[in-house]
Amino acid sequence: MASITENELKSMIQEERVKALGMTSEQLTGRSMFMEFDPGETERFEYPWAPQVDFNKRTELDTADMTSTEVNSEIRNLMSKGYGTIVLKNPRGKHSLAVGILSKLNLIIEGSTGYFGVGLIDGPNVRVNGRVGWSCGENMMSGTVLIEKNAGSTFGAAIRGGDLVCKGSVGSRTGIDMKGGTIIVGGDTGALSGFMMQRGRMIVCGNAGKNLGDSMYDGTIYIGGEIKSYGVDAVEAELTQLDKDWLHRKLKQYGLLPSKGVDHFTKVVAGKQLWNYDNLEPTEKKLIL
Amino acid sequence: MCGIAGLIHKGKSSLVGFEMTQMLQALKHRGPDSTGYAVYGNEVNDLVMRLKIAEAEDMQRGSGIYAELDRRINQVDSFIDEHGVKVTKKDKINDYSYRYEFSFNGDLGKLAEHIEEVNGAEILSVGKGLELIKDLGDASDVSNAYGLNSFKGTHGIGHTRMATESDVDIRSAHPYWAFPYNDVSVVHNGQITNYWIMRRQMEKKGHRFTSNCDSELLAVYTAHNLSLGTSLENSLKQSIEEIDGVFTYLVATKDQLGMAKDTMAAKPLVLYESDDLIAMASEEVAIRAILPQEIDTSDPYDEEVRVWQA
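If you're matching them up, the sequences are chains A and B in order.
So for the first sequence, the working numbering puts the first residue at 1; every next one is plus one.
So for the second sequence, the working numbering puts the first residue at 1001; every next one is plus one.
If you're looking for bench data, these hints aren't it; they were derived computationally from the structure.
There may be inaccurate statements among the hints.
Derived, one-sided and incomplete: chain B residues facing chain A with beta-carbon distance under 10 Å [unchecked claim]:
#1 Q1025
#2 P1032
#3 D1033
#4 N1212
#5 T1263
#6 A1265
#7 E1283
#8 V1285
#9 I1287
#10 A1289
#11 P1292
#12 E1294
#13 I1295
#14 T1297
#15 P1300
#16 Y1301
Ideal Cβ placement from N, Cα and C applies to all residues, glycine included.
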């Protein structure tokens, strides 16, 4: 930077100036997935260590007397043997079950899981017949997770992709910091849902607790019931025909379509008055502009 | 991060000591420093007092400590005599823990204050059904040391502690007895941020604190409200308005179990309700320790207050 004079900087256009100062010139547009995958590079779509599994090869695993670590190791072991459908029995609220699965897999959990269940996954289809504890599906990248009963707080924290569905009610701070994907809740959600949400969509068929969408940067929340209160910078937006069609399709897909349709849903988006994700920091602005 | 658990059987007794041990042992990873129980047995005519006269770590001070402990317990006994208390049973549980059964019609607060003048003495609980036990170690250690597995009763609350705000000792372990209220105890998971302000207010009103643990405030606060004739449910509701911080806490009385969650719902609680049993814990894994079959559970929301009757 020392080699660039002030006059040189002034003569540059903004983009050149940003590069010269060592800052990124990437203009975030609300669709950062553009930058993450190049369709030409096929190898980036698969993890080299992901085993090839056959969905028709099915096995059951009784987890009653196993620790979470043992269960997760055994899932990997079964996957390396080609099992594509795994049924976990008697999970009894164990924490961190089925985390970090990075390839396709059909996983059925017959019971309830504890905290951090099915977190950090990229690809599998998971069905949980019971309830899940806090932070279910945290950081999930892709795949489908379907919970038949209720879920705890921070459901789908920081998810980036895939569909995370809970047919019952969920706790507080649902979709906190979510960066993509879709969270669908059949029942109610607690306080501070969508807190600091960055991208993605959340559908709640029931009511939402206080401070909905507090400090959200971007993304969309659809609420079917009542909203106790809006958080800072969360505003109501018009529900377009495109929204309705999408809601209809998504909810029907998981058997959660309300009998009265989707016209009554409230759409909530970021007001972008508090903070704009795509803007430069004030100090950066000063340097460049 | 601490672990709390509670259960209440409706209209029947069960081995609550054993059940609480199973639940608390499953929560051991949330706090291995100390474990405490407040279990409620069938009401007796006499009062039951649980007392400690030293900390567990005091026992490392060499042989002189035993003579000192003898001196302390004799002093406690002489104070009890002075107040005209009729002791019907006295059990030495271990070197520093005692259990008394007695009948007494006088001022319990004054008696308790007098006993606590003895160096190291602290009354853990007084009640007709309540037995409050707390010590260092995990649930199975404490349960074995105090013979809790055979304890029969209707309800109980318990706590596994990870010390963050105060020391690892029995004084700072939960549950807390709502001094000097018979049969009221509290367990708490969280941090109270206006502790000192509230503590000073309570001290001005004449309440005593035995530790610097913020959870003790909830016991004192509850005792204060109950002494004014406030119902348990209203006291819990009021606490959400008046107490700042992140907390989930359980309160047990001789025939009730209540819970309250702060405005942020930042501390976990999983709840299971059936016609004859209500169980709750910081993690579902604790409820599953006593109910291995598939059950429906839920998370209470922010500002939620519930009270169940035994």
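_Contradicted hints - numbers only_ = Of the numbered hints, 1, 2, 3, 4 do not hold.
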